[in-house]
Amino acid sequence: MFSFVVKRLAVAVPTLLLLIVISFLLMHAAPGGPFTQERALPPQVLANLEAKYGLDQPLWRQLVTYVWGIVAHFDFGPSFIYKDRTVNEIIAQGFPVTLTYGSVSFVVAVIVGITLGVAAAIRHNSWLDYLAVGISIGAQVLPNFVMAPLLLLTFTWWLGWLPGGGWEDGQWQYMVMPVIALSTSYMASIARLTRASMLEVLTSNHIRTARAKGLPERQVILRHALKPALLPVMSYLGPAFVAMITGSVVVDFFFSTGGIGRAFVDSALNRDYAVMLGITILVGALTILFNLVVDVLYGWIDPKIRY
Amino acid sequence: MMNKLLLTTVLSVGLCLPAIAAQVQPGETLAENQEYTYWLLDAIKSMDPQINTDVEGSGILRALFEGLYNEDQNGGLVPGVATDHELSDDKTVYTFHLRDNAKWSNGDPVTAQDFVYAWKRLADPKTASEYAWYMELMQVKNASKIIAGEAPVDDLGVKAVDDHTFEVTIEAPLPYFPKMLTHASTFPVNQKAIEQFGDKWTEPGNLVGNGAYLLKEHILGEKVVMEPNPAYWDNEHTILTKVTALTINDENAALTRYLAGELDRTQIPAGQYPRLKQEYPDQAISVPQSCSYIYMFNVDKEKGPAALQDVRVRKALSYAIDRDIIVNNILQGGQAPSYNWTHAATEGFKLPEIDYAKWTQEERTAKAKELLAEAGYGPDNPLKITLNYNTSEAHKKIAIAVQQFWKGVGVDLTLNNMEWKVHTDKMQNQDFEVARYAWCGDYNEASTYLDLFTSYSGHNNGKFFSERYDELMKQSKTAADPNPMYTEAEQILAEEMPMAPIYQYTKVEMIKPDMRGLGLNNLMQNWYLKDMYRVAN
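Order-wise, the sequence lines are chains A and B.
Be aware that the first sequence starts at 1, since it is given in my numbering, and climbs by one per residue.
Be aware that the second sequence starts at 1, since it is given in my numbering, and climbs by one per residue.
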């Protein structure tokens, strides 16, 4: 197990490097630059700006300087657009916000999703099943960019229960709508995955044996059925968790949470090269890390899997 | 011999009233709550006057800093740090007299040296300001050379004669020079704070300003919070006790929050004004704003399409657009249909007679068909052309409407939607046929528009060229009354049609009915927090 983890981490470094190089080149290939604006800058002003941010250097040198900055000083460079801030500061401000509402959303999605899925499977073809399937399909087809304005209209304008946006250091009132908006579609997927795989497990031999030897149903479900049923769900949860904690544009966009999702999209549209690369690297690193975590958990849940 | 010139507004306002700050009208009672929360579309990019580039940032900078002059409720100049100025006989040396009670928020006096420092900082290539060109636009002596790195920064035509006398030398007379001084990039900055904190000097706590407000909080993408600055020279007349600017990227979400009472001012999304005006007649407003919306034609000899070289085609395309449908059925926010370039409400600008403005749309369409036929286009040989526009719901709707209008005269228009930076990049490289474009005035004077179509303008992306036009614009700079030149210039634009004017902007907003002092009649929409207050209902 230990050598497996070490090996995977060793592969992660070249993977990240490749990610940096490809993103860097793609970004520079896109038309326009950070200082392209409706009113074109006089050539001299543009030249001064490019000199200040090193954009006048050949691409390979920019890339080397950039990577060296990260390796040597963990410095992701300055933002070309938010000129009072560095990339490190932008991530340091936005990521904790995203991490908080993302983690809460994840927990909610997992608990509600698995409960719905299990309930639907054990009461297969009953009203409970139909209800659970109905809820999860409803949650899936209602995209969050539709849900977010609906939540706003309902809870802020109509009922007046919740503030319409902002973060205020993560007070719970400010988190309710972002969490609902972010978690529902994940919750729906988790519920459907759990239900399908639970249904399959419930018809397998070891469950029949467990029932035959007279175990209480509760124990059959919790001890013998749930664990194997969760395997396919697990492989979904790793990437889902990363996607949730690295931000949702929609949530940041509608609820002004100031998270990293909006910063990412902004940076792409603004050609804010350094911010965009910084967040890409963060998301890449987290994806690699949580895929590894999932693989390790697999081994723990399913003793048949050995590394 | 100096010619003592006092701005009339400076005189009248300066003498009759103790201060220019919030002017509570007789009969008004102040509300108990003097907090104000307004909407920002985007995060503020920088709180540094010489670095900031956007309009939203400028609004905040006008609260945190104060330049030589401010604007009053109608956009006229009123004293800021400067009380008045003198202009030399050859009209190239301005001498500003600074008030002696202006202070930085750290207690230091605001002096002429602070302006010298800030202006040099703006032009200095080391600062790499995106607004360095503003110094060139103001024609400050040697600005162009300094920006190009051909002269040392100290050669800039600015001088502190003494602590309270600031002297500026410009290259050539510029009648609207004083008007340009309300722009945020000309605001003074505190050298001590900048040297102490470096790039971090704009953070709350570090920022030293000379404006009526202090920066309390700035969370990127969430909010900016400001409170009155006790060191401000006119602080006793500042009324709002706390101002919060909330970043809400979605204007519909912002409107919902306005209606829920979380905001005191927000923009109305396109098309919703009539409904809101009916439901909230005392809150929905539409006032002129200095921006002009056009479709630019690429008339570049090499890169432009051959068809657009023909003035008849350009005229036909412009005539065929039914501007009334665009403003009345699509935008619905009180915008004005436009047949010329300069915003009609621009100060001192007389709207010239433009022939096709007075025709009916039927006449215009008929004329368009006639011109196209003359140019050799018809049902067998339809004109095929493409329009580039950047992503936005309103741009898309207008583009689809224009596609229909042009179809009506036998033109086959392909719509080319692209992301903002790509659109801009293509325009600036003349890689387009017809492109959506908009221009907002930098100052309240017609040349801010008209200069764009000179051959030496950096923004003339369609590469229109007219010797006479250039000549007129050069003459206008020194003329006692530039209007005859402006009129002729506009007529050249109507005759040559390097672009199709479409509409002129209005600011369409929801504002709480107890808000006062917002300066809504100011065409530049430059408001000052120090002038605002709330009245008791």
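Hints in this document: simulated from the structure, not taken from any laboratory.
From a predicted model like this one, the values you see are computed outputs, not experimental measurements.
Even glycine gets a Cβ: it sits at the ideal position worked out from N, Cα and C.
Warning: the hint list may mix true and false statements.
[Stated by the list, open to error] Chain A regions said to be covered by chain B (calculated; three or more residues, Cβ under 8 Å):
hint, region
1, 30-44
2, 152-159
[Said to hold, decoys possible] Straight-line distance between alpha carbons at most 20 Å, and here's what the computed PhoX-like set of lysine-lysine pairs gives:
hint, chain 1, residue 1, chain 2, residue 2
3, B, K301, B, K426
4, A, K52, B, K126
5, A, K52, B, K200
6, A, K52, B, K301
> Checking against the hints above, which ones are violated?
Replying inline: 6
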